[in-house]
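A.B. asks: Since chain A is already given, all that's left is putting chain B on it; use the hints.
Protein chains in written order, with the working numbering: chain A, 1 to 274; chain B, 275 to 550.
Fair warning: there could be bad hints in the mix.
Label-pair ranges, simulated between beta-carbon atoms [to be verified]:
no. : chain 1 : residue 1 : chain 2 : residue 2 : range
1   : A       : S5        : B       : A516      : 38 to 44 Å
2   : A       : D248      : B       : M277      : 54 to 60 Å
3   : A       : R130      : B       : L482      : 33 to 39 Å
4   : B       : K299      : A       : D188      : 53 to 59 Å
5   : B       : M277      : A       : R49       : 24 to 30 Å
6   : A       : D129      : B       : L336      : 46 to 52 Å
7   : B       : V459      : A       : D188      : 39 to 45 Å
8   : A       : E36       : B       : L399      : 45 to 51 Å
The calculated BS3-like cross-link candidates involving lysine-lysine, where the alpha carbons are at most 27 Å apart (straight line), are [to be verified]:
no. : chain 1 : residue 1 : chain 2 : residue 2
9   : B       : K299      : A       : K110
10  : A       : K192      : B       : K299
11  : A       : K110      : B       : K547
12  : A       : K110      : A       : K192
13  : B       : K295      : B       : K547
14  : B       : K547      : A       : K192
Derived from the structure by calculation, the hints contain no laboratory data.
Just so it is clear, CB atoms sit at the ideal spot from N, CA and C, and this is done for glycine as well.
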Amino acid sequence: MSQVSQPAVETCGLTKRFRRPGGGRRAWPWRQAGSEVVALHPLDLTLERGSTTGVIGPNGSGKSTLVRVLATLVLPDAGWARVFGHDVVTDSFRVKRHINRVSVEAAFFKELSAWENLLYASRIYGVADRSLRLRVEGVLARFGLPRDVLDRPLRHLSRGQQQKVAIARSVLTTPSLLLMDEPTTGLDPRSKREVQRMVADLREDSVTTLLCTHDMDEAESLCDRVLLMDYGRVLADGRPSQLGRLEDLFFGLSGRGMEEADVEAEQVVEGSVC
Amino acid sequence: MLMPALRGEAQAFAGFVERQKNLIKRYWLWEAVWLIYSLVSVLSIGYLAAGLQSVSASTFDLRQAQLYLLVGALLWAYLSVVFIEISFSVMWERWEGTIEYTFMAPVRRLTHLFGICAFALLYGLVRTVVVLLIAMLLFHLDLTHANVVTAVIVLAVSTFPLMGLGILTSVLPLLSPERGEQMTVAVQGVLLLASGVYYPVSVLPGPLQALASVNPLTYTLEGMRAALIGGRGVGSVWPELAPLVLMGFVLVPLGLAVFGWAERRAKRFGLLKRSG
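Pulled out of the complex, with its shape left as it was, chain A reads as follows (with noise of 0.2 Å):
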């Protein structure tokens, strides 16, 4: 198959699973103790190019584990994952040179300003060049962001324009496949409805992004296809025409509404910590 026809994301069979921490004894210092989580259920997916898909489904439903496995950060038990026809395991280095990812919680040296995180990331990259400033500003300024948060330390800047700048960063280096991973969560109305509207805006350069979200409403408006998931399973997968109101669909398919499931998995989480 050529590069071309390449899906933008392929997987088939990916399974992980973790050890939850706390609880049992190790046997050896270095083994992980506890019980073990299945993460993801063994997954078929295909994205195609330029597509923009959203996650949907309550913690530890497994979306953070895909996108992880897929921007090369967690090796699956089983099965595979290709981004663009290469492997995410023994092709690592061919798949991030296509990926950027934008987590929940931005990734930067808060002490440093947002233009030295940004070199940084452009170098390494390796698509710094003199332009850079120039292409910079262009980027911020498209995303709304005032010329001077460039300079400022990016612990005084809000949560939505550190998000921002988040995202900007992954535009600069030129991603084929875009991860989001709840880029929205935590944000005030107004930044929220902002970053919503860069992913929108992301759509036109035809990149292909996976979107991970709890906000029902906004895979709706922004994605073309939706997946819903709990507990590592997709329940549910198809146009958000088609699946009609999600609340609905995930409480029928689950059991539960989102908001309850986000419950349980907390305190399944303190379970284990306790």
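C.D. replies: For chain B alone, kept in the frame of chain A given last:
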């Protein structure tokens, strides 16, 4: 194909050096505190030598003792900066929450780690020169008999095993996000104890002498003292240089291999996302 790839790696290498420089610039107050701490430690050792003469019943060569101790203290100041800068690099990224971002970038781990090491070596050198100049002023150190060429060669050769040790220790926060920092400090303490920074290795008990014999710092210190105090030429410090060269050949590849293993392990167990 090769040239763009090399250019990319060179750019990333510069990126890591520049990032470390920017971080030092932003945390300048902390750096000033550490510089003062290094200075005070070295000066204390210098005054310790002077104090020993006044409390000792027998007489001894104060200048010689002071030089011996100060060379050790200065080298330790340099080596500990380099060691800490390298071995804490992963821990700091965990603390800042950027470790996943760095590991996700299309950069060879060799480039990443060598970028960190290059900055650590340069920064360690600058800080030590500042402390050395102040110590020379205060103690009227006489280095006129020193063989500077030999000292520079010993220091340069020591760089590689030191880098290897730093990379090996930087793995600890990948293995244990909660306890990695403490283990790194413990390793640093053992290196100090079994290397002859403040005393000849011969005064140590047998097991510690054995440990000192596989510690590259032992040979660095002996080589540097031979060059700076004894004024010996390169040819006569070969017994110190040879083990350093050998350890460099072993420790750097070993450090990279162990780091690769620890990175894969962290990815298998999902340890990268955890803060701490």
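A.B. asks: Quick one, are A/K110 and A/K192 close enough, alpha carbons at most 27 Å?
C.D. replies: This hinted pair holds, its Cα atoms lying about 21 Å apart.
A.B. asks: Please verify whether B/K547 and A/K192 have alpha carbons no more than 27 Å apart.
C.D. replies: 24 Å, holds
A.B. asks: Mind checking the hinted window 53 to 59 Å against the Cβ distance between B/K299 and A/D188?
C.D. replies: Hint violated: Cβ distance 32 Å, outside 53 to 59 Å.
A.B. asks: Should the hint that B/V459 and A/D188 are 39 to 45 Å apart at their CB atoms be regarded as holding?
C.D. replies: 41 Å, holds
A.B. asks: 45 to 51 Å was suggested as the range; check whether the CB atoms of A/E36 and B/L399 agree with it.
C.D. replies: Taking Cβ atoms as reference, A/E36 and B/L399 lie about 49 Å apart, which means the hint holds.
A.B. asks: Regarding B/M277 and A/R49, is the given constraint of 24 to 30 Å on their beta-carbon distance met?
C.D. replies: 29 Å, holds
A.B. asks: At the C-beta level, are A/D129 and B/L336 separated by a distance inside 46 to 52 Å?
C.D. replies: 59 Å, violated
A.B. asks: With a cut-off of 27 Å on the C-alpha distance, tell me whether A/K110 and B/K547 pass.
C.D. replies: This hinted pair holds, its Cα atoms lying about 17 Å apart.
A.B. asks: Against the 27 Å threshold, does the CA-CA distance of A/K192 and B/K299 hold or violate the hint?
C.D. replies: At roughly 33 Å apart (the allowed maximum being 27 Å), B/K299 and A/K192 break the hint.
A.B. asks: Are A/R130 and B/L482 spaced within 33 to 39 Å by their CB atoms?
C.D. replies: Given a distance of about 55 Å, which is not inside 33 to 39 Å, the answer is violated.
A.B. asks: Measure nothing beyond the straight line between the CA atoms of B/K295 and B/K547; if it is 27 Å or shorter, mark the hint as holding.
C.D. replies: 25 Å, holds
A.B. asks: Would the hint linking B/K299 and A/K110 be met if the CA-CA limit is 27 Å?
C.D. replies: Since the Cα atoms of B/K299 and A/K110 sit roughly 13 Å apart, the hinted pair holds (cutoff 27 Å).
Going down the numbered hints, you'll see the structure goes against 1, 3, 4, 6 and 10, while the others check out.
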